[in-house]
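Chain order of the listed sequences is A and B.
Each residue of the first sequence is one higher than the last, beginning at 175 in this note's numbering.
Each residue of the second sequence is one higher than the last, beginning at -5 in this note's numbering.
It cannot be assumed that every hint is accurate.
Claimed, not checked - The list that follows gives simulated cross-link-like pairs (lysine-lysine, DSSO-like), each with its CA atoms no further than 30 Å apart: (1) A:LYS230 to B:LYS285; (2) B:LYS71 to B:LYS196; (3) B:LYS2 to B:LYS71; (4) B:LYS228 to B:LYS214; (5) B:LYS228 to B:LYS71; (6) A:LYS286 to A:LYS228; (7) B:LYS274 to B:LYS71; (8) B:LYS228 to B:LYS274; (9) B:LYS307 to B:LYS285; (10) B:LYS62 to A:LYS228; (11) B:LYS274 to B:LYS40; (12) A:LYS228 to B:LYS182; (13) B:LYS2 to B:LYS62; (14) A:LYS286 to B:LYS196; (15) B:LYS13 to B:LYS285; (16) B:LYS285 to B:LYS274; (17) A:LYS228 to B:LYS40; (18) B:LYS71 to A:LYS286.
Worth flagging that the hints you see were computed from the coordinates, not collected in a lab.
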Amino acid sequence: MTNESQGVMDWLRYMQDHAGYLLSLTWGHLVMVFSGLGLALVVGVPLGVLCARKEKLAPWILTAANVIQVLPSLALLALVMIVLGLGFKTIVFSLFLYSLLPIIRNTYVGLKQVDQGVNEAGIGVGMNMWQLLLRVQLPLSLPFLMAGLRLAAVIAIGVATLAPLIGGEGLGREIYAGLNMRNNLKIYAGAIPAALLAILADLLLGRLQDKLKLGRRRQAKVHT
Amino acid sequence: MIQFTEVKKTYDDGREVLKNINLEIQAGEITVLIGPSGCGKTTTMKLINRLISPTAGQIRIDGEDIAKSDPVRLRRKIGYVIQNIGLFPHMTIARNVAVVPRLLKWDRQATDRRVDELLALVGLDPAIYRNRYPAELSGGQQQRIGVIRALAADPDIILMDEPFSALDPISREQLQNELIRLQQELRKTIVFVTHDMDEAIKLGDTIVLMRDGAIVQTGKPEQILRHPANDFVKSFIGKKRMAGEQTAEELPTVDEVMVEHPATASPTRGLAEAVKMMEKRRVDSLLIVDKNNRLQGTVSIYRVLDQFGEESKTVADVMKPVEHVVQTGTSLSVALQLMSEHQLSNLAVVREDGQFVGLITRGTVVSHMAGMYASDRTGESNHVAV
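Model the full assembly from the supplied sequences, consistent with the hints where possible.
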């Protein structure tokens, strides 16, 4: 048996032996990511709508979100930590900040691409601004919003591995433990599931995005 | 009745799009607003449902000043059909048609019944189309939905902004006819914007001709055709429609009409080869030219098949001499006369030195005429756009 396959076997055995612990780390990881993304949706979508409605504000909001996005993740975590201290809320808040740009920008772009004729028809038949937004514009920009969410999710899963540095949970804990103890098995046990999580999120959200795009056609076929 | 009193519209940049419009739109009629692009016809229409608000002046519907009404509620009482159809792509046909009843919070069953009734009204089977999406319908069908969406809540007034201009000519014609039929039943007050004079004459009870933000002439189509107010109206109506001014336009020469590379063969070709060539070019006869490009004769598929059994024969043996040819530069009328006199299905064109250059067939004549008519029309609309 070669060294590599021996390594894989060891890794698998390690994973099996520590399955409960690893699962709880994965769960912690997901909780952080979902909380951050959820917050980002709650704040980002309205900001995106604001950008689309008030074109003058758009450059300001997008630039601010952009500045946050270009900060190195470790630096952002450190900055947030100064204000919020160690722990769960710091990492969630950082993930929230990181996810803002893709969500704001994609909401904005999605709303902007809604056909002018469709908007005019909505106003012309007597929709008020809310009805236009909720019944026409947001449904039509959903595929774009999903693309933003997908990007944000993949980034957030990656950034969340840094959580242990500021006292958070998640798969990062296993990675850092492995680094400290020079234990490769531990590093793999944290890194590989984290990577798989990111790939899985990308695939699933990608599926959903396609479905939203094609939904109109497919639904129609089912009905007839 | 819709009444415009001294309505003006100036944009922020100082552009004056409407200068003092006074207009009465009669109830139960189709009033067509027509004019070159930028004349203010669409602006005038959009004032009625307050998509645009006037800088000065008053617009009244049945005596009530619309500036005092809530724009959202006003729009729900006015049907609106827009140029690029504007169906909501994420909603089914039924949802699209029901959009105003839903905004008005109609009872569910009443809405469903209304949708089916309207679909049937424009000849679309509700069972088939109710749950389809706009993208699955043809352009003509989509605009039918656009029209019935405007009718859904049974408004008295319907605004139509160049509703058929994006459709192909056949669908356009069908929809125009359907609109006329619907209007005979429904007697709505319809304000119809177009830049197409044919459409205006066909649909309009009253035509309002506009230019540079002002009304140039208002009247029944017949009145406008017979008594155009000025040269602008005359040019807009177009020579074609002016009674008595139909002059035969200069006919083109044969050079313009002929096919330049018809199916030819050299005299030494065998009969099987000839059949093959005809098959390939999808023609029923070949012109036989020698190597100096002089016309020798013509063979039809019948003559070839008649003698097909004789393998040694070439096309030269079965061809018929060409009795009638025209020279380049001959007027098409001469060629047409020749063709009709001698019952020719085609006519060869040769140069002065006898070189064969092309062929006129009945098909080429027809397609040329079609092209002439079409270019005449685009010429006209170019004229209009000035």
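Hint by hint, which ones does this structure get wrong, listed from lowest number up? Result: hints 1, 5, 7, 8, 11, 12, 14, 15 break, sorted rising.
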